[in-house]
Amino acid sequence: MKKLIAASLLGLGLTVSAGALAEPVKVGMITTLSGGGSGLGVDVRDGFMLAAKMAGNKDLEVIVEDDARKPDLAVQIADKMIQKEKVDVLTGIIWSNLAMAVVPSAVGQGVFYLSPNAGPSMLAGKGCHENYFNVAWQNDNLHEAMGGHANSAGFKKTFILAPNYPAGKDALTGFKRFYEGDVADELYTKLGQTDYAAEIAQIRASGADSVFFFLPGGMGIAFMKQYAQSGVDIPVMGPAFSFDQGILGAVGEAALGVKNSSQWSKDIDNPANKAFVEAFQAEYGRLPSLYASQGFDTANLILSAMQKADVKDADAFRAALKEADFDSVRGDFKFDSNQHPIQDIYVREVIKEGDVLTNKIIGVGLEDRSSAYVGDCKL
Amino acid sequence: MTLALFIEQLLNGIQFGVMLFLMAAGLTLVFGVMGLINLAHGSLYMIGAFLCATVALATGSFWLGLVASLAGAAAAGAIVEIVVIRRLYDRDHLDQVLATFALILIFSEGTRWVFGSFPLYLDIPAALQGAVSLPGGAQYPLYRLSIIVVGVLIAFGLYLLISRTRLGMRIRAGESDREMIGALGVDIRTLYTVVFALGAALAGLAGALVGAIQSVQVGMGEPVLILAFVVIVIGGIGSIKGALIGAILVGVVDTLGRILLPNFFELFMGPSQATSVGSALASMAIYILMAIILAVKPQGLFAAGSQ
Numbered sequence: 001m002k003k004l005i006a007a008s009l010l011g012l013g014l015t016v017s018a019g020a021l022a023e024p025v026k027v028g029m030i031t032t033l034s035g036g037g038s039g040l041g042v043d044v045r046d047g048f049m050l051a052a053k054m055a056g057n058k059d060l061e062v063i064v065e066d067d068a069r070k071p072d073l074a075v076q077i078a079d080k081m082i083q084k085e086k087v088d089v090l091t092g093i094i095w096s097n098l099a100m101a102v103v104p105s106a107v108g109q110g111v112f113y114l115s116p117n118a119g120p121s122m123l124a125g126k127g128c129h130e131n132y133f134n135v136a137w138q139n140d141n142l143h144e145a146m147g148g149h150a151n152s153a154g155f156k157k158t159f160i161l162a163p164n165y166p167a168g169k170d171a172l173t174g175f176k177r178f179y180e181g182d183v184a185d186e187l188y189t190k191l192g193q194t195d196y197a198a199e200i201a202q203i204r205a206s207g208a209d210s211v212f213f214f215l216p217g218g219m220g221i222a223f224m225k226q227y228a229q230s231g232v233d234i235p236v237m238g239p240a241f242s243f244d245q246g247i248l249g250a251v252g253e254a255a256l257g258v259k260n261s262s263q264w265s266k267d268i269d270n271p272a273n274k275a276f277v278e279a280f281q282a283e284y285g286r287l288p289s290l291y292a293s294q295g296f297d298t299a300n301l302i303l304s305a306m307q308k309a310d311v312k313d314a315d316a317f318r319a320a321l322k323e324a325d326f327d328s329v330r331g332d333f334k335f336d337s338n339q340h341p342i343q344d345i346y347v348r349e350v351i352k353e354g355d356v357l358t359n360k361i362i363g364v365g366l367e368d369r370s371s372a373y374v375g376d377c378k379l
Numbered sequence: 001m002t003l004a005l006f007i008e009q010l011l012n013g014i015q016f017g018v019m020l021f022l023m024a025a026g027l028t029l030v031f032g033v034m035g036l037i038n039l040a041h042g043s044l045y046m047i048g049a050f051l052c053a054t055v056a057l058a059t060g061s062f063w064l065g066l067v068a069s070l071a072g073a074a075a076a077g078a079i080v081e082i083v084v085i086r087r088l089y090d091r092d093h094l095d096q097v098l099a100t101f102a103l104i105l106i107f108s109e110g111t112r113w114v115f116g117s118f119p120l121y122l123d124i125p126a127a128l129q130g131a132v133s134l135p136g137g138a139q140y141p142l143y144r145l146s147i148i149v150v151g152v153l154i155a156f157g158l159y160l161l162i163s164r165t166r167l168g169m170r171i172r173a174g175e176s177d178r179e180m181i182g183a184l185g186v187d188i189r190t191l192y193t194v195v196f197a198l199g200a201a202l203a204g205l206a207g208a209l210v211g212a213i214q215s216v217q218v219g220m221g222e223p224v225l226i227l228a229f230v231v232i233v234i235g236g237i238g239s240i241k242g243a244l245i246g247a248i249l250v251g252v253v254d255t256l257g258r259i260l261l262p263n264f265f266e267l268f269m270g271p272s273q274a275t276s277v278g279s280a281l282a283s284m285a286i287y288i289l290m291a292i293i294l295a296v297k298p299q300g301l302f303a304a305g306s307q
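Going down the list, the sequences are from chains A and B. Sequential numbering from 1 applies to the first sequence in full-length UniProt numbering. Sequential numbering from 1 applies to the second sequence in full-length UniProt numbering.
This is chain A alone, in the form it adopts within the complex (with noise of 0.2 Å):
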C-alpha cells in the first residue's frame, strides 16, 4: 500500500514539475554560528530566512550548518552536502579563507554558490566561474570607497591594517588604489586577534593622521575599546564590517561620529529597504546589520529565479539569476560580466537614535562600482 502511494505521489510530481516549474531547490547553507565570529553567520541565516518566510515558497528547501569559522569543517560539510543530501545551491560562507577553500571544488561539481558575504578577488577574476555569484560585494569596494573619502577628508598619511587572510589583504589593496596620500605603515594581524596593545603603540609611534582599520566581528570591537583607552587621538575610519549594528552596541560611545563605508544602510529609502527593516526588527527583535541585508538579498535573488526556471536545467537557472530581477533592498543592482555586484558605496557615519549607535548616509563615495578584476575574468 504504502509503495503504491509512494508510486502514485511520484507519478503526480512529475506531472506536476513538467507543467509548471514546481521543482523544489535545495539550499545549503554553510555559515558561521559559533565563536568569534559568530554575530556574521547568524545576521547572514536571519536575513536569509526572513526573505524565505515572507515569500511563503515551500518549494526552497534550506538546510543550515555551522563552520565554526574552520576552513577544514566548511569542506567537509560542503562535500556532504553536496553528495549527500544533493543540494543544488550553496551559500552562506563569510570568510574569505573558508570560500577560497570550498568554492572552486563546489562550483566546479556542477552546484550554484552565491556568497552572500566573503568575495575574495581570486573569484572575481582569473578564478570567476559560471556558477558563482556573488551577491554582496568583491571584497576590495567597501575599502576603495573609504581610500577615496581619507583623500576627500584631507588625511595624508594614514596607518592601515587589516588581519592575515585573504579579505584582510584585498582590504589594503582595495583602500591603496584610490588613497592617494602616504601609508604610514600596512600591519597584518592574526586573524581572530583579541588583544590589538601592540599595534596600538605602533600607531602611536608612526605618527599618522588616521587610521584604517578593517577588522570585522569580536576583532574589531577589542579593537576599538582598546583604542579608545590608548590615549591615542587620532580619528579611524574603516568599511562596515568595523562598524556593524552588531559592533556598534559592545564598543559603545567610543564609535561615535567614525566615518564607514558600506553598500547598505538602514536609512536607503527605497520600499524593500523599508519593508525588509521592519520585518527584520518584528521578527528578531534587533536592528538589521549590513551581513543581515546581504542574506536577505541572495534568498529573494533565488527566489526570483525560481520563478523563471527550473533549477535542474543549469543553464536556464544560470540565465535567470544572471537578470538579478528582483528588489534588492540597496536600490539599484545588477551583475558585472564577472557576477560581481555593480552598485553604489555609501559612506556613512556612527550617530546616535535614542538609545541606539547605529549608521547614518552621509554620502555616495563610488558610483556605480564594479570590481577591479573584472577584466581578468574569461566568462
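Everything labelled a hint here was simulated from the structure, so no lab data went into it. Small disclaimer: the values here were computed from a predicted structure and weren't measured. Since no wrong hints were added, every one of them can be taken at face value.
One side of the interface only, derived from the structure: several residues of chain A facing chain B at Cβ under 10 Å: (1) G35; (2) T194; (3) D195; (4) I221; (5) Q245; (6) G249; (7) V251; (8) G252.
Covered stretches of chain B, as calculated for chain A (at least 3 residues, CB under 8 Å): (9) 8–15; (10) 217–227; (11) 257–268.
The beta-carbon is built from N, C-alpha and C at its ideal position, and this holds for glycine as well.
Based on the hints, put chain B in the right spot on chain A.
Frame of chain A, contents of chain B only:
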C-alpha cells in the same frame, strides 16, 4: 624603534602574560593536584566575563560585576566539580578530555541560549579610564597597568597560600601523594572542590578583566585556553612558579614577535612581503618557543616533582 616604544611593547607583553597566568594558574593546579585535564577552563573564563557584563549593566558598577564574576565562576567551578569532575579522577585522560569537551559545548550553547550570539557591552570603570605617562615619555593605558598590578598581587597571594598556609600544605601534599594524604585523614574530596573552585575563580576574574577591553561573546574562552595549555607545558605541569614564568615568557615573545619580526624581514625584502612573512612567523613564535623548551627540558621549566 625608540626606547619608549620598546618599553611600551614590553609592558604589553607582560600584561598579556599576566592575564595568561590567571588562566594557567588554575589549570596547572587542577592538573598538578588532581591529575585532571580540564578543557572547560575556558568556559569558566567566559562565565566570568558574562557575569561581569550582566551585573555591570544592571547595577552600573564594574566593581560589583567583578565581585560577581569571582563568586559566580567559583560557584560554577564547585558545582561542575561536584556534579561531573568528581567522577573523572580515576578515569583515563581521554575520558576526562571527552567529558570536559562536552562541558564546553554545554556552557557555550547554554550561554548562547541565555544571552544570544551577539557580543555584550562591558566598559572599564571610570576610575581606570585613559592613559598615564610613563617615565621616558610613553603613554600607557591605566587599565592595563592595573591588570599587571592585579596579576602580580595574585601571583604573590598564591605563593603565600601555597607555601605558608595549611590549605597550601595540603595542596602540595596532594600533588606528591594523593593516597597517602587521604590515608592521613585529610578530606580529599573537599580539598579537590576547593582547589577547583579557586582555579575557576581565577579564570572568571581573568575573563572579567579582559572582557572590559575585548569582546564579551560566546566562544571567547577557547583561544585563551590553548595559550594557557602552552603556558603550563612550558612552565612544567603543576608548578605555579612555572605558570607565572611561562605566562610572562609567552606574553612577551608573542607581543614582541608580532612587532619585531615584520620589521626584521623588512631588512631584506619588500614591505608587503615582509609583513606577511613576518606576521605568519610571529603567529608561530610561541609554538616554536614551546618546541625549543621541550627539546631542552622535556618536563617543562619547573616540573612539579623537581621544585
